[in-house]
Structure formats: C-alpha cells, structure tokens
Amino acid sequence: MRVLCILLVCLGMLQGCSSWQPWVKPYQRANLADPIMNPSRDPVSADYVAHMYKTRQASRGAQGGSGGGCGCN
Amino acid sequence: MAVVVVTEVARRMRRGLIAWAVLLWGISRLAGATVLPEERADLMYHSFDGGGVTVSGPSLLVRKNASSNTSVYYNYYVDHVSSASLDVLVGGSKYTEKRVEQTGGIDYLHGKTTTSLSYTSSVESDYKSGTLNFNMSQDFFGDLSTLTLGYTLGKDTVAQHIHQGTTSLYPDKADVTRQNYRIGLSQILTKNFIMSANWETITDEATQINNSGVTLNNPYRSYSYFDSTTNSRGFAPEKYPSTHTSNALAISGNYYLAFHAALHGRIKFYQDSWGVSAVTYQLGYTYPIGNWILDFRSRWYTQSKASFYSDMFAYKDQYTFMARDRELAAFDSTGLGITATWNFARNGWGWIDKGSLNMAWDHLQFNYHDFRNSLAGGAAGTEPLYSFGANVYQFYVSVWY
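Chains as they are written, first to last, in my numbering: chain A, 1 to 73; chain B, 1 to 401.
Take these hints with a grain of salt, some might be off.
In silico DSS-like pairs for lysine-lysine, Cα to Cα no more than 27 Å straight-line [to be verified]:
(1) B:191 <-> A:54
(2) B:191 <-> A:25
(3) B:112 <-> A:25
(4) B:112 <-> A:54
(5) B:112 <-> B:128
Read the hints as simulated data drawn from the structure, not as lab findings.
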C-alpha cells in the first residue's frame, strides 16, 4: 500500500508534464520512426519467437506475448 | 484445504486488481499523443526442429480499424507437435499433438490514451487455457516518453491423458491461475537513440491439485533417483510446489547509424521463487539494401538450476519437491539468426498499400550442465551431459492496406 501511495504521488507530479518542451523535436524523429529501428516490427514473428523460447527455458516475462498453453515437450 | 487456497488466491487477486486499476487510471490522466497500430495482415508458416522435437504450423494475424479510434485484430495460430524428446522417450514413446491458439483483441484510442484488451484461448487435448490481457499506454514529456502498464489473468486446466484400449480418457485435472503485472518505459534520448525498460512479475498458483499430486508440473514427466536394488536409475512422478513467482527486467536500446542501418541491444535479468536466475544477452544489426532489409541477430542465454532440480536424487522420495525437467536444469544456450525481408508494391497495388515477403532462420544450441542423457548408457549418474542443436524457420508474407 505504501508503494502504491508513492506511485500515485509521482503520477500526480507528472500531471504538469504536458507542457514539457521536447529536446528532440517531432520533425527530428524521422530516423527513430524508420522501420529498421524496430527488430520486432512484425508482431506475428515476435509473438512466435517469444513463445518458442518460453517453452524451452525457465526464464519468462518482460518479453511481450502473454498467452497460455503449452505446445512443449 | 482447497477452499482456503482458493479464498487466499481470490483475496490476492482482488487486492492486485484494485492497485493496478488505480495505477492505470493514474497514467490515463497524463497528457500526450499516440496512434493506432497499422492495418495489416500476416500469414506465416513456422517450424522448430531439434532435440527429437518438431513443432510447425501456420499463423494468421489480421488487424483492421473499426473506426477512427478503434482497431481490432484476430490471430489464429497452430502448433503441430511431434515429440520424441529425451524426456518423452524416458517416460514412454513418441507422440503427436496439436495446439490451437486464437486471440481476439481491441485497441481503443481515447483522447491521448491507448487502451488494449484481448482474450487468448489455447486448446490441446489435455491442456486448455484462457487468458485475459489488459494494457494501457501513454506518451508524455512531449512524446519523448511512453509509459505502459498491463495486467493479465489466465486460467489453465491441465489434464492427464490415459489410454484405455482405443479410448482416450482425461479423468484427472489440475487448475492453475496465472497473473502478470507489467510496467514499461520507453524513452527517446537523441534523434538516433531510443531506450526502453520493462518489468514483469508473474505469479502462478495451482488452485486445484489433481489426485496424482500434479500442481504446476507436466504430469507426464518423472524425476530420477538411484535405485540401490538394481544399481540403476529409478523414475517416479515429479513433485512441484503449488506456487511460482518470477520477476524479469529487460533493458533494450536501438541506435540509428548514419549510413542507414540500425544496431539493437537487449539484456534481460530473471529470478524466481524456485531459485532460478537467468540472464539473456541479445545483439542485432539491421541493414537495408534496395528493396531488401537484412536482420542479423545473436543471442546468449544462461540460467542456474531450480532448488528442487536434480539429475538423479540419492533415493526415492528424498525431498518434498523433486524435478528433472531440463528446463529447470543449469544450462546455457546460444543462437544466431538472420531474417531477409523483400519489400514489394512499395507504391501500392490495388487495395494494398505495400507488402513484404520474409524468410527467417535461427540456429540454436543448448548445452546442459547437470542434465545427463540417461539413454546413452553407462553407470547411473555418469552418462554424458545432454546437448542438442535446433533450427527454427519462419516464412511469412505481410500486406498493409
């Protein structure tokens, strides 16, 4: 509960951030918007790869994809 | 006992949901801007082949805008499994299985917030799963930052397949409740560099334990112990804890290079309540040539063993919990891969805005540090350590409209 209160206070402080002046202007973001900047740009492939690894190792999470099921062995 | 467990799970779920709902409401108050995902369709054939296992099948993903602020999507995915893995051969004989997963989802853009809701159903003959997934994301700080929060609730029913003549029976079932809590922050640092950090906590709880004591384990797998009467390995059904909690933190960065290429790096740390620690390192390079895009990637993964894992216990029923799943053993894994993408119809063709053909190949190598090939012969506990290589193929076509 204490953690929740701290998070809420932080969120409240962020309310004033809407007028923030970005140091990278919108017209300077062409490189960032290029598809080559996203190695997981195809969701159908990214979801498959996440599932493929999840069934063969203990590590899970922070990967994208959250469906259940096994399809393992 | 079961009633007490279920009540405790319900109490924790209620508390978690309330806390998450308050946080989701909180970020919805932040200002920013975002857009709906692209309208596109992807049709894929995938294949995994290694360690005596082949898993292949199609996947179809279609996404369409239902209105100016609503996008809907549907995914149909199939795994055809043919398994003669070491675990399977130790406990029985080769089998085939089919898993069908379907997902339907909606993304809703309201003001400057994207809210996403989806439901996934996964069906096998002995494993049924339903998963409700909720995400909320928001751009702020002049659209330099994106904050994402998510919650997932899943219910699994794990049955045990029993042959009775030509009839298949599933008399014994275990129920599992899964919950995921996610938080992520993506940050533009320069006009060529973006980083992100994602945290996810996952809890699993067996809310109903089956008559054979199956909780979160695969009901077909066995642990191994030294049978002093025969001086060889004996096998008995695994015994798992009924709860599992894990935490994962992933940090990634993408950097645009001056000659129109991109570098990708990612590191992930993992720890769970079963004593497993793992680290994943990934490095990638994307290079476009004319109508082609080439993605090169490498991956290195290492994990420690679970506290209740052993390749061979000293005797039967030595501990309360005992497992010999190689996924819980100490091992490292390396991977190298490449994806070649050919972009076509870049200026549109009929109702298609653009399209791409994609071919991906990954080669993986798994080297186990304390999981032995018990079918290789030799005295119990001295067999060679197990290792295997695998090839993963993906072929898919994508169209945007």
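Structure-based check of all given hints:
| no. | hint | in the structure |
| --- | --- | --- |
| 1 | B:191 <-> A:54 | 34 Å, violated |
| 2 | B:191 <-> A:25 | 8 Å, holds |
| 3 | B:112 <-> A:25 | 19 Å, holds |
| 4 | B:112 <-> A:54 | 33 Å, violated |
| 5 | B:112 <-> B:128 | 37 Å, violated |
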